[in-house]
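Chain by chain, the residues:
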Amino acid sequence: MAQYILLLHERPASPDGVSPEEIQRVIEEYRAWSESMGKAGKLIGGHKLTDEGGRLLTGWGPDFSTTDGPWAEAKEVIGGLFHISAESYDEAARLSASCPHLKYGGRIELRRVDLVD
Amino acid sequence: MTASPPPAVDKLVDHLFRRESGRLVARLVRVLGPQRLDLAEEAVQDAMIQALRSWPFTGSPSDPAAWLTRVAHNRALDVLRREGVFAAKHGEVRSLDEARLDRIEEPAFAGEIEDDRLRLMFVCCHPALPGDGRIALTLKVVCGFSVREIARAFLAADATVAQRIARAKRLIRERAIPYGVPGPNELPERRASVLKVLYLMFNEGYSPGEGEAVIRADICSEAVRLAEAAAAHPVTGTAESHALAALLLLQGARLEARQDSAGDILLLDEQDRSIWNAQWLERGFRHLELSMSGDRLTAYHLEAGIAACHAAAPSLEATDWPAIVGYYDRLLELCPSAVTELNRAVALAMIEGPAAGLAAIDGIAGDGSLRDYPLLHSVRGELCRRAGRRAEARSHLQCALDQARSLPVRRLLERRLAAL
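Chains as they are written, first to last, in the working numbering: chain A, 1 to 117; chain L, 1001 to 1420.
Hints are computed from structural coordinates only; laboratory data are not their basis. Warning: the hint list may mix true and false statements.
[Stated by the list, open to error] In silico lysine-lysine, DSS-like type, Cα no more than 30 Å apart, as pairs:
| # | chain 1 | residue 1 | chain 2 | residue 2 |
| --- | --- | --- | --- | --- |
| 1 | A | LYS48 | L | LYS1011 |
| 2 | A | LYS103 | A | LYS48 |
| 3 | L | LYS1011 | A | LYS39 |
| 4 | L | LYS1011 | A | LYS103 |
| 5 | A | LYS39 | A | LYS103 |
| 6 | A | LYS103 | A | LYS42 |
| 7 | A | LYS42 | L | LYS1011 |
[Unchecked claim] Covered stretches of chain A, going by a simulated chain L footprint (3 or more residues, C-beta under 8 Å):
| # | region |
| --- | --- |
| 8 | 19-29 |
| 9 | 44-55 |
| 10 | 79-92 |
As the structure is a computational prediction, the values presented were derived from the model and not from experiment. No residue lacks a Cβ here, since even glycine has one placed at the ideal position from N, Cα and C.
Based on the provided sequences and hints, a complete structural model is requested.
Pasting the structure below:
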């Protein structure tokens, strides 16, 4: 079984004026999605990435340097990732299609993990 | 790649965020002062957005409320620190606020949370604020509804609701309205204003409107919850508060039975009494009993008495109508109102027949104050129908239909007209 990473790009603007009740409802939708993925044996894991933008590492030896993110090139922040198993890109895309992230205007970058046999 | 699966977490408690929102804002306002209400609200909103961005990946924490408290507290502290840096340049010291905010995480003693929320209610319901602003502000700040939800429930424009709230907040700042339980001199008036806001809030949610039904029902539930909290609290737990809690519970118990699945209004004689909320009825009657301890008979007592007559009746016919007419009579002595007279006429018609009801209505209609009130015409139409005067019934119902704006009410009237 192949493995895939879902990189969840966040919308640049955070929702404004959204009510506590609505926030809870959306969290609940994500929970229900993860739960159904878990029950189907498709979910391997998930991670939230911290918001400070990370660091960009470049250079070798004396040229090694770190730059604090976020960088101008990164228009969207990756909020977090899910790790799933699926037969194919098609199945992985189908499973991802029901992720509430898409419903609320986020984008998902789907990448296949290159597993060495 | 070793990602750990998100822990299997239970569903969050219903309305957790909405309820926590009011509790957290109250807690922050205690430290920051009502003049910083905006900061408190922003910090709480930020914490909830942060939860939205984290919990889908991490699962919800074992104690969601504590998590939200911590994050909201840190957000407020961040803002104060930033302001502190800025203010220091202007020779102002803000460290006091920070020190006080740090204490916010001390374990709350029993009842402290209720105290916080009640104090916040005293702020939001201050008599210096305009009436519509008090309701909107309470719904937003104490009950955690958004501007859009409030607007949707009452079919108002978002901007109108936002304006009311902004004006009320500005007055809180300008008048330096304090956070806290008012002193003995002020207390009766301030307490009365809190109860009045809860009463109006409930009515706004309860009266058949075309706003979003789910939110309207939630608004009723919040009003009931706060009224019960007020009744249970030593500072506000007067006989009058118990009477209000009784009224809202006894009336609210019928909320679900009042509409069919299509959202159409079901009148008392069409309702399935078996689905009235038994728990609310029980609690309502308990509050009604407690309300008898006072030496003052208030309008809430009398209205609760009427609601109790309905709640205790096995059917429309077996309702204690003479008692209801009696309550209306005393209500009219206390606060004369044409609407109350109209309600009394309906009850009277149940005892003495439609002709007596119509005669009583003629007396009210004479002064013209209810000319544009659709209920006047629909009641007249209904009583004419019962008296067998079909042509008159038709013209009154049509008149009501011409005036009614609420969609569920219009559908009800159309249904009645068609049945003639």
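Checked hints:
{"no.": "1", "hint": "LYS48/A x LYS1011/L", "in the structure": "19 Å, holds"}
{"no.": "2", "hint": "LYS103/A x LYS48/A", "in the structure": "19 Å, holds"}
{"no.": "3", "hint": "LYS1011/L x LYS39/A", "in the structure": "15 Å, holds"}
{"no.": "4", "hint": "LYS1011/L x LYS103/A", "in the structure": "20 Å, holds"}
{"no.": "5", "hint": "LYS39/A x LYS103/A", "in the structure": "22 Å, holds"}
{"no.": "6", "hint": "LYS103/A x LYS42/A", "in the structure": "20 Å, holds"}
{"no.": "7", "hint": "LYS42/A x LYS1011/L", "in the structure": "20 Å, holds"}
{"no.": "8", "hint": "19-29", "in the structure": "holds (count 9)"}
{"no.": "9", "hint": "44-55", "in the structure": "holds (count 6)"}
{"no.": "10", "hint": "79-92", "in the structure": "holds (count 5)"}
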